[in-house]
Every structure is written in C-alpha cells, then in structure tokens.
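Participant: Chains A and B, in that order, are what the protein sequence lines are.
Start counting the first sequence at 1; every next residue gets the next number (the numbering used here).
Start counting the second sequence at 1001; every next residue gets the next number (the numbering used here).
The hints are all genuine.
Subject to a maximum C-alpha distance of 30 Å in a straight line, what follows is the list of computed DSS-like cross-link-like pairs (lysine-lysine):
id : chain 1 : residue 1 : chain 2 : residue 2
1  : A       : 49        : B       : 1044
2  : B       : 1067      : A       : 101
3  : A       : 101       : B       : 1041
4  : B       : 1009      : B       : 1044
5  : B       : 1044      : A       : 68
6  : B       : 1041      : A       : 61
7  : A       : 49        : B       : 1036
8  : A       : 101       : B       : 1040
9  : B       : 1009      : B       : 1041
10 : B       : 1052      : A       : 49
11 : B       : 1041      : A       : 109
12 : B       : 1009      : A       : 109
13 : A       : 101       : B       : 1052
14 : B       : 1052      : B       : 1041
15 : B       : 1022      : A       : 109
16 : B       : 1044      : A       : 109
17 : A       : 61        : B       : 1040
Everything labelled a hint here was simulated from the structure, so no lab data went into it.
These are the residues of each chain, in order.
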Amino acid sequence: AQSVTQPDIHITVSEGASLELRCNYSYGATPYLFWYVQSPGQGLQLLLKYFSGDTLVQGIKGFEAEFKRSQSSFNLRKPSVHWSDAAEYFCAVGPPGGYQKVTFGIGTKLQVIP
Amino acid sequence: DTAVSQTPKYLVTQMGNDKSIKCEQNLGHDTMYWYKQDSKKFLKIMFSYNNKELIINETVPNRFSPKSPDKAHLNLHINSLELGDSAVYFCASSGGASGANVLTFGAGSRLTVL
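Model the full assembly from the supplied sequences, consistent with the hints where possible.
Facilitator: Listed below in structure tokens is the structure:
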C-alpha cells in the first residue's frame, strides 16, 4: 500500500529565510508525487508534481522539489520565504496512470515570522 | 468562474439529521472525488466517480451515499449524522490537459454536527 510521511508537523521560519519541507513516501515502483498548499479556509492548490524525467521540478510561487529515488523522498524547497507562504503543505503520492487513488500526508504547517 | 464549486460552505446540524453537499465542476474533467479532512487536517479519500461510474469506494459507512447525475456533478448525501462526521468535506476533479492524477479542489464544506 502506498503511504506518505511528513515528519514535521509544524515549521517556523523567518521571512526571507530558505525553506525545506520533508516528504518520504512508500510505494513499490516510481509513483506520481505531488505537493499541494492549503491556505486557511481554502481548498488545496497544486504547487508542483513529478511524473517522470528530470528529478528537480519547478512549481508555482517559486517552489521546487527534488525526487530522490534512493531516499524515497520528495522534499519541497524555496530559497526565500515570503509572509504569504504561511499555510499548510501536503505531500501526496499516487500510482502512475490515470484515475488512481492519491494518498496525502498529514501536512506541515508553515509559520512565517517577520 | 469557480472551477470546482461546493455548496454549502458551512453546515451546522443536529445528530440524526440527513444532509447533502453539492459539487459542480466546469473544467470538463471526467473524474470527481470526495475527500474528508478531519480536525487534524488529515485528508482521506472517500469516493471517486469517472464519467458517472463509481471507481473508488473507500471504507466509508453506508450512511454516506454519493450521487453523480452527470460527469460535471457529484453530490454527497449523509444520513443519520453522527458527531464524528464533523469535518471539512472537499470535492475535487481531475482529467483533461492537467492530467488524470492532478486534483483541482473546491473550497470545502465545513460540516458541524451538534
């Protein structure tokens, strides 16, 4: 069965500092991987996805993530955090192919301090 | 135009009542989903429909009944509401150019059972 682990429930960073959110997955082969962001009172919005090819993927809002097969990881990074990045971030995994079940991690809440 | 819209946004009701949440997407996607997000932000899939056909049915009490009158609509009816049903319910859709596994979420419907 596929699963996702986000080891950090809550992270606090200063505005302008770099950010890395950790995600580890469990899946038998190479899965489809996603990062979503949820602002308070809102639905989830896709930040970026990895299906195949280049293991460093760029997303919206200046985010990037790197797929590392050897570590079963898909960590999310941003070089300089803005106060508007404060939100809940969810890593997700799904089997390749269409219309399959996507499993979400428990989320990491990001707090940005001035 | 909102891509995935859910109504109502808030729902407060008594135990034992029956309630429905409606969802509509105007993205032309073939697949729609219901996810439940509990108080700890854990997001779990409940159901998925592809072209009006049920394709994912997780272990959900049979008090929950999804209905898809057409591929643009997926409604969720809940009978005999219990305290544990209190959560935020998210509708999502996927398909088209964005890919079958990329979910577009609605803003959520917060259900409170008293």
